[in-house]
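Here is how the chains run, residue by residue.
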Amino acid sequence: MSTLNYHLPALSLRFIPVWRRNLLVWRKLAVASVIGNIAEPMITLLAFGYGLGSLLQQIEGVPYIEFLASGSICMSVMIAASFESLYSAFSRMHVQKTWDALLNTPLSLDDIVLAEMLWAASKAMISALAILLVLFVLGIGLHSTTVLVPPLLLMTGICFASIALIVNAIAKAYDFFTYYFTLVLTPMIFLSGVYYPTTQLPSWLQSVASFLPLGAAVRLVRPLLLGQLPQDPLKDVVILLAYTVAGFYIATVLTRRRLLK
Amino acid sequence: MSILAVEHLRKSFGKGKDSHVVIDDVSFALQPGECYGLLGPNGAGKTTTLRLCLGLTTPDSGRITLVDHPVPQEARRARLKIGVVPQMDSLDPDFTVEENLLVYGRYFGMLPAQIHARLDWLLDFANLTNKRHARMGELSGGMKRRLTLARALVNDPDLIFMDEPTTGLDPQARHMIWERLKALLASGKTIFLTTHFMDEAERLCHRLAVIDHGRLIAEGAPHELIAQHIESQVVEVYGDQAVRWSAGARALAERVEVSGDTVFCYTRHPEPLLQSLSHTAGLRYLHRPANLEDLFLKLTGREMRD
Numbered sequence: 053m054s055t056l057n058y059h060l061p062a063l064s065l066r067f068i069p070v071w072r073r074n075l076l077v078w079r080k081l082a083v084a085s086v087i088g089n090i091a092e093p094m095i096t097l098l099a100f101g102y103g104l105g106s107l108l109q110q111i112e113g114v115p116y117i118e119f120l121a122s123g124s125i126c127m128s129v130m131i132a133a134s135f136e137s138l139y140s141a142f143s144r145m146h147v148q149k150t151w152d153a154l155l156n157t158p159l160s161l162d163d164i165v166l167a168e169m170l171w172a173a174s175k176a177m178i179s180a181l182a183i184l185l186v187l188f189v190l191g192i193g194l195h196s197t198t199v200l201v202p203p204l205l206l207m208t209g210i211c212f213a214s215i216a217l218i219v220n221a222i223a224k225a226y227d228f229f230t231y232y233f234t235l236v237l238t239p240m241i242f243l244s245g246v247y248y249p250t251t252q253l254p255s256w257l258q259s260v261a262s263f264l265p266l267g268a269a270v271r272l273v274r275p276l277l278l279g280q281l282p283q284d285p286l287k288d289v290v291i292l293l294a295y296t297v298a299g300f301y302i303a304t305v306l307t308r309r310r311l312l313k
Numbered sequence: 066m067s068i069l070a071v072e073h074l075r076k077s078f079g080k081g082k083d084s085h086v087v088i089d090d091v092s093f094a095l096q097p098g099e100c101y102g103l104l105g106p107n108g109a110g111k112t113t114t115l116r117l118c119l120g121l122t123t124p125d126s127g128r129i130t131l132v133d134h135p136v137p138q139e140a141r142r143a144r145l146k147i148g149v150v151p152q153m154d155s156l157d158p159d160f161t162v163e164e165n166l167l168v169y170g171r172y173f174g175m176l177p178a179q180i181h182a183r184l185d186w187l188l189d190f191a192n193l194t195n196k197r198h199a200r201m202g203e204l205s206g207g208m209k210r211r212l213t214l215a216r217a218l219v220n221d222p223d224l225i226f227m228d229e230p231t232t233g234l235d236p237q238a239r240h241m242i243w244e245r246l247k248a249l250l251a252s253g254k255t256i257f258l259t260t261h262f263m264d265e266a267e268r269l270c271h272r273l274a275v276i277d278h279g280r281l282i283a284e285g286a287p288h289e290l291i292a293q294h295i296e297s298q299v300v301e302v303y304g305d306q307a308v309r310w311s312a313g314a315r316a317l318a319e320r321v322e323v324s325g326d327t328v329f330c331y332t333r334h335p336e337p338l339l340q341s342l343s344h345t346a347g348l349r350y351l352h353r354p355a356n357l358e359d360l361f362l363k364l365t366g367r368e369m370r371d
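Going line by line, the protein sequences match chains A and B. Counting in my numbering, the first sequence runs from 53 upward without gaps. Counting in my numbering, the second sequence runs from 66 upward without gaps.
Quick caveat, the hints were computed from the structure, so don't treat them as lab data. One or more of the hints may lead you astray.
A partial selection of chain B residues facing chain A, derived with a Cβ cut-off under 7 angstroms [unchecked claim]:
id: 1; residue: 122
id: 2; residue: 141
id: 3; residue: 145
id: 4; residue: 149
id: 5; residue: 155
id: 6; residue: 171
id: 7; residue: 172
id: 8; residue: 173
Remember, it's a predicted structure, so these values are computed and weren't measured experimentally. Just so it is clear, CB atoms sit at the ideal spot from N, CA and C, and this is done for glycine as well.
Work out the full structure, taking the sequences as your base and the hints as a guide.
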């Protein structure tokens, strides 16, 4: 019977050895991985920030590169967490059969999904912290309010890792992830105020955009990196949490359907 | 007291019209210290039975008790005392031999000191001591299988599940695995094995069950099953004339089967057959005692399965 198992995810510390397994693999390839994860956002930031920034007046009262820096760091967390929860998790689940080996031990599938989610968020955090250091070197974000940025970026990573694991649970092959990146994440980047303020969008799009998780992350992180406080932090934190809880729950149910039939 | 007991197990996949029964009222039990084999053609339900016993899928009905725990309810706790050698290689390609064992031990909640205390023995048992720091790409198929076996033993299990443990191995590697499995049995472990190699089952299993279309169709010790279900002698006849010859041979044997241009004659009294063969030119033949493969083919038929 392929009836769905709708039980709430059973969260336990058993996820730790699985998380550590992924960490050990990462440590073997760490340098290449970090360079890859930082290089892309840094190139974008420098190219657009200085190239486009020199043509632009200040945006919302700050130089364009400072405006873009906060959007860029949120975007890279989103992409790093999604990438790990899609391509890497799919390799472990479907190609390498690592998850099958795990299921033969005293772990449950819920432990594995939790471990993958937290690992993807952790890996995104490693890149985010490296980018943050580079921003400091560029003189961006040197404010006391920046202390609040890492926990918010971790929340963002957890949120996008959870959503991506839904896609992982229903994917037949790697090709499927291209749709998610081009049809979901890329439009979200342009709707979430990464490159330009959302006030530039038509008003109906602005209302859609106000409920997107990347928009919430940008609205939280941007003021903090500029030494200010977010306007409506509670609403945006709730948005991130809502996507996280719903995403993780659906991902768990669908992964059970896929593997425990 | 059995170490694994399965009672009236049923499992079907799909819903409504598309529903098909995969496991149909299967019952069996493993005694501690024995090697119990599950034999069947591809798609007969062997792997599904293993998955059900491990609590990786829920039966429609029936009862499973694994090392004193009801499954699937307490499957996680039961699996603490179980080792699994899966059909598909699932070793971590990024890790060395030693790291594969260390990381796997952590999944059982073992402390680093506990795993290290077993490492030397595990590597020695798998004959991989000099490959301790080798990556997976440097290992042969036989070495990978042995490492998978060592990995399944990291938690010192009472019962080891093996899903076709020697499929794809060369004869040397198969014999080495068999020898390791016999050593495990001698040390008191219980083995639950699926295979479609009859020589493997005959060599290793104290008892076995033949499963087909989800039903358990025979169970017992290999030699008892052969004696019970099949004629004791087989004469295999080959050659262009074999099929033509078989028309006359039907009266001389209790059972005659033709597969391609080979004729299989099953009988308790082979002398008339052998006499007939000695008078017929152009035929080669092999006279041998009946074995498990004959039994298997009689019970499950000769047609191909996918």
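So, going through the hints one by one against the coordinates:
The interface hint given for residue 122/B is met, as the beta carbon of that residue sits about 6 angstroms from the closest beta carbon of chain A, less than 7 angstroms. Taking 7 angstroms as the C-beta contact cut-off toward chain A, the hint placing residue 141/B at the interface holds, the least distance being around 5 angstroms. Interface restraint check: residue 145/B against chain A, minimum CB-CB distance 5 angstroms, threshold 7 angstroms, status holds. Interface hint status for residue 149/B: upheld, as the beta-carbon distance to the closest one in chain A is roughly 4 angstroms, under 7 angstroms.
Given hint, residue 155/B at the interface with chain A, holds; its Cβ is 4 angstroms from that chain's nearest Cβ, closer than 7 angstroms. Using the Cβ-Cβ criterion of 7 angstroms, the hint placing residue 171/B at the interface with chain A is satisfied: the shortest such distance is roughly 4 angstroms. At its closest, the beta carbon of residue 172/B sits 4 angstroms from a beta carbon of chain A; the interface hint therefore holds under the 7 angstroms criterion. With a least beta-carbon distance of about 6 angstroms to chain A, the hint placing residue 173/B at the interface is held under the 7 angstroms criterion.
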